[in-house]
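Residues per chain, in single letters:
Number of protein chains: 2
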Amino acid sequence: MSLVRILMFLIFVRASLQASAKDVEQWSVFEVSFNVESRINPFTEVQLSSIFVHDSLKIKVNGFYDGDNIFRIRFMPPQAGEWSYVTKSNVASLDDRKGKFKCVEPSSINHGYVCVRDTFHFAYKDGTPYLPLGTTAYAWHLQEDSLCKQTLQSLKESPFNKIRMCVFPKKYRWIMNDPAIFPFEKKSNGEWDFERFNPTYFQELDKNIDALAEMGIEVDLILFHPYDYSWGFDEMDSITDIRYLDYIIARLASFRNVWWSMGNEYDLIKSKNDDRWDSYFKFIKANDPYGHLLSVHNGPRWYNHSKPWITHLSLQTKELESLVEVRDKYQKPVLVDECGYEGNLPWEWGNLTAKELVHRFWVGISRGCYVAAHGETFLDDNDVLWWSKGGVLKGESVERIRFIKKISESFPLAKLNPVSKGYWRKRGGCCAGDDFYLYYTGNTQSKYIEVELSDNCLYDVEIIDAWDMVVRKYDEKISGKCRINLPEKPYQVIICRNIKK
Amino acid sequence: MSLVRILMFLIFVRASLQASAKDVEQWSVFEVSFNVESRINPFTEVQLSSIFVHDSLKIKVNGFYDGDNIFRIRFMPPQAGEWSYVTKSNVASLDDRKGKFKCVEPSSINHGYVCVRDTFHFAYKDGTPYLPLGTTAYAWHLQEDSLCKQTLQSLKESPFNKIRMCVFPKKYRWIMNDPAIFPFEKKSNGEWDFERFNPTYFQELDKNIDALAEMGIEVDLILFHPYDYSWGFDEMDSITDIRYLDYIIARLASFRNVWWSMGNEYDLIKSKNDDRWDSYFKFIKANDPYGHLLSVHNGPRWYNHSKPWITHLSLQTKELESLVEVRDKYQKPVLVDECGYEGNLPWEWGNLTAKELVHRFWVGISRGCYVAAHGETFLDDNDVLWWSKGGVLKGESVERIRFIKKISESFPLAKLNPVSKGYWRKRGGCCAGDDFYLYYTGNTQSKYIEVELSDNCLYDVEIIDAWDMVVRKYDEKISGKCRINLPEKPYQVIICRNIKK
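Just so you know, the protein sequences line up as chains A and B, in that order.
Each position in the first sequence, counted from 1, maps to that position plus 76 in the numbering used here.
Each position in the second sequence, counted from 1, maps to that position plus 76 in the numbering used here.
I should point out that these hints are in silico values taken from the structure, not numbers from a laboratory.
Just so we're clear, the structure is a prediction, and the values are computed from it rather than from any experiment.
Any given hint could turn out to be false.
Pairs involving identical chains hold if they fit within one copy or between any two copies, as the list cannot separate such chains.
Unchecked claim - Using 20 angstroms as the maximum straight-line C-alpha spacing, the simulated SDA-like pairs for lysine to any residue come out as follows:
{"no.": "1", "residue 1": "K481", "residue 2": "H187"}
{"no.": "2", "residue 1": "K408", "residue 2": "T195"}
{"no.": "3", "residue 1": "K557", "residue 2": "W423"}
{"no.": "4", "residue 1": "K470", "residue 2": "Y524"}
{"no.": "5", "residue 1": "K431", "residue 2": "P563"}
{"no.": "6", "residue 1": "K225", "residue 2": "W385"}
{"no.": "7", "residue 1": "K491", "residue 2": "S114"}
{"no.": "8", "residue 1": "K502", "residue 2": "W425"}
{"no.": "9", "residue 1": "K262", "residue 2": "W543"}
{"no.": "10", "residue 1": "K408", "residue 2": "N117"}
{"no.": "11", "residue 1": "K497", "residue 2": "W423"}
Required output: the full structure, derived from the provided sequences and hints.
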């Protein structure tokens with residue numbers, strides 16, 4: 077036995093011991109690593125995968141090279157019980173490695189990963205409804221340490237349960253700084269070596285996604301974007317793109333809080349056409365063992381969300397009044413994750429008042445859709461704008477989004493559909509069967525509204541001021557066709573709950 | 077000579093004397109009347125017209141029967157000087173009547189009738205620019221006297237220079253009362269006698285249009301509308317419709333403050349198809365001797381405003397952000413005269429806040445278009461809603477519209493076109509050449525805006541708060557590409573005036 081073989085054997089034993097020593101929660105990451113010095117390019121020439129088996133369940137995952145002679149395999153067990161695995165590799169010392177581990181029931185804060193439920197809604201894998209309350213900070217994780225920590229602290233204290241962020245660095249007005257590290261190594265001629273990922277870059281990403289998972293924040297991970305400056309990550313060739321996707325899936329698919337966002341403003345990435353995008357979607361769908369949420373965020377041109385690999389719509393749009401039509405057309409969850417940010421930029425995408433942004437959240441909810449599109453773009457002496465770099469939250473919408481989170485706990489989330497007909501259908505009326513109705517008056521000042529509730533139910537009414545964050549109980553119980561008096565000011569949410577069961 | 081003939085002769089002499097006794101201002105009404113007892117139906121069987129001649133100008137106008145054996149001919153002289161006329165009729169006593177009168181220069185408050193100017197704008201016939209600041213009170217003139225008087229007083233004190241009102245009575249929620257008089261006589265069987273107009277009805281209309289003219293208010297006179305209840309004025313046959321249009325033109329075309337609005341929500345009038353509408357437009361265009369403004373107000377379906385008889389767009393729309401595209405497409409003045417009313421109705425067309433309505437006026441102005449769409453729909457114990465019955469003005473938008481009127485006096489109205497390119501083109505930037513720029517920030521809170529002024533000019537800047545009605549002078553003079561700091565709140569209008577000439 078050569079020294080290397082002995083070493084590998086010991087590592088193998090250690091890995092197995094590690095795994096068996098610490099039980100893994102369902103929907104958490106089981107990881108096994110192998111210390112193998114590879115003479116061939118460990119990113120491009122080493123093939124490594126593993127089959128994980130539990131009863132009749134067999135799941136194949138790919139491994140990845142993480143630098144320093146470490147190969148890793150990560151797996152998210154979808155079910156509790158005994159799991160075993162065996163590796164397969166073109167490198168003998170990585171091949172036919174076996175092990176097992178025990179997967180235990182998830183803890184109370186672990187609900188699994190988010191999936192589509194009931195056609196139009198989201199729920200965690202354990203069935204818990206998920207109401208996306210999202211923010212955007214594209215490249216927060218690529219800023220200096222102290223800023224990253226501040227961002228994480230801000231997120232921890234925030235109501236957000238979703239964030240849009242990029243894998244690749246971003247350069248654009250107000251974020252003109254280079255990151256300290258890049259996702260690829262450089263060749264001696266100074267060009268990127270697209271055949272060598274920079275593991276440190278991705279280790280940082282792992283760490284940050286994990287930190288977000290601990291806060292219950294889903295990561296809508298943007299795989300490509302056009303704001304690349306001159307790095308060229310937006311115009312890599314297909315082979316490089318696919319290798320990158322493969323690497324990302326191998327590293328991150330086991331993180332339960334990951335969603336795949338193929339691109340931010342994908343249509344502004346001029347180097348790729350729809351055929352290429354489609355092939356990337358197919359690749360992810362075929363290689364993600366878990367079926368994480370998968371979508372793409374548009375610029376001016378929408379992707380065809382009818383395509384089968386798209387799990388939900390991830391829209392940039394200001395046309396929120398017509399979301400019911402969008403929902404009807406695509407028969408998928410409609411998530412607007414960009415509709416302008418709260419801020420004071422000179423441009424319309426970043427100069428919304430807090431009132432307008434919060435209003436847009438409610439426009440979504442009241443149409444059985446989701447507007448989870450927080451972001452802040454307040455000019456800053458140090459160019460720390462939340463939307464790109466994170467930092468501290470300065471706006472007035474955050475508290476109103478927290479209020480949404482709080483009051484919606486008593487709503488039958490993931491069951492809200494636009495009312496079936498009449499005035500409110502496209503104007504902000506949704507319901508869960510006959511037991512729960514929600515109406516949103518938007519930027520209007522009606523003295524009363526006329527609604528059509530079930531004649532067979534009796535309803536308690538609450539009038540919620542979405543801006544002032546005040547909930548008023550209505551004195552009367554109501555039923556059938558009726559009139560509900562309002563305080564004649566904008567942003568009123570009317571909740572009718574059946575109390576006769 | 078029979079007694080009748082003697083009487084007619086005397087009347088003729090009197091009419092001629094009347095006319096010559098009192099000079100008529102240019103663009104005012106010259107009227108001559110004939111007292112003739114007709115044995116045939118004076119509305120349908122008597123043909124009466126007159127040719128008015130001044131130098132090489134020859135204008136033919138039709139006369140009309142006004143009850144009590146009175147036939148009238150009304151004429152609006154488009155030019156000062158001596159005019160003569162001669163009548164033509166199938167009734168001998170009305171035929172070949174001759175006369176003349178002197179037309180004098182208009183007084184300082186008489187600017188003529190409003191026409192299209194410079195493709196996209198309006199001006200009075202004497203060239204004075206006209207900025208429409210309009211309101212709507214569909215059937216104010218058909219309410220009881222005291223209410224009519226109150227409405228006229230409200231209008232007198234208001235900033236409005238345009239009103240949308242119907243010829244026919246209207247019945248709809250909150251206006252369920254019958255008018256005291258109707259436009260047609262009834263037959264003995266209780267049905268309308270569509271061959272006999274009720275002159276009293278139209279005399280009242282004359283009087284009210286005249287009263288509005290004295291206040292400088294243009295009347296966008298709605299000829300047909302769908303809110304007819306069961307009277308049937310919306311579903312008369314073509315012959316009756318044309319006879320009605322003929323009568324209206326004969327009575328009212330000589331009133332300089334009249335605009336023809338073919339229909340209010342014409343597309344909801346189910347009895348007429350586009351061919352019929354087209355034929356009515358052609359009829360008006362052929363028979364109105366002056367070429368008053370002619371358009372039609374849509375419901376859900378727009379009329380094809382490209383048709384040659386349409387002088388300007390008269391739109392109902394909420395899609396104000398895209399007015400520049402509309403303007404580009406039709407190459408005519410774009411006037412939005414309905415985009416929701418200030419009020420507290422349960423429905424979206426009547427529950428706007430004043431802020432939102434005033435905002436919409438500025439959206440129009442800043443796009444080189446016109447949103448002249450005031451209306452109030454505040455619920456009232458006596459169902460007196462301004463939008464239909466008039467009364468008193470209760471809202472907060474009126475004062476802001478007065479403010480628009482005041483500050484726009486120094487604007488180069490009727491020259492404002494969207495800036496030719498760049499960010500502001502479709503977002504609220506317009507200009508008059510290089511000498512005047514106007515930007516409107518809308519419902520946003522930018523800390524500054526970036527604008528592109530001429531390098532060859534030097535600009536004074538004013539920041540106008542369209543809601544608070546405050547004008548602040550900017551300290552610096554600016555030039556070329558530059559940044560203008562703002563107070564970070566909605567509804568700011570930025571005016572840049574070239575001072576280097």
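How the hints compare with the structure:
no.	hint	verdict
1	K481 - H187	within (17 angstroms within a copy, 60 angstroms between copies)
2	K408 - T195	within (5 angstroms within a copy, 46 angstroms between copies)
3	K557 - W423	between (44 angstroms within a copy, 15 angstroms between copies)
4	K470 - Y524	between (35 angstroms within a copy, 18 angstroms between copies)
5	K431 - P563	both (17 angstroms within a copy, 17 angstroms between copies)
6	K225 - W385	neither (35 angstroms within a copy, 67 angstroms between copies)
7	K491 - S114	neither (52 angstroms within a copy, 74 angstroms between copies)
8	K502 - W425	between (25 angstroms within a copy, 14 angstroms between copies)
9	K262 - W543	neither (51 angstroms within a copy, 57 angstroms between copies)
10	K408 - N117	neither (42 angstroms within a copy, 67 angstroms between copies)
11	K497 - W423	between (38 angstroms within a copy, 15 angstroms between copies)
Going through the hint list in order, the structure does not satisfy hints 6, 7, 9, 10.
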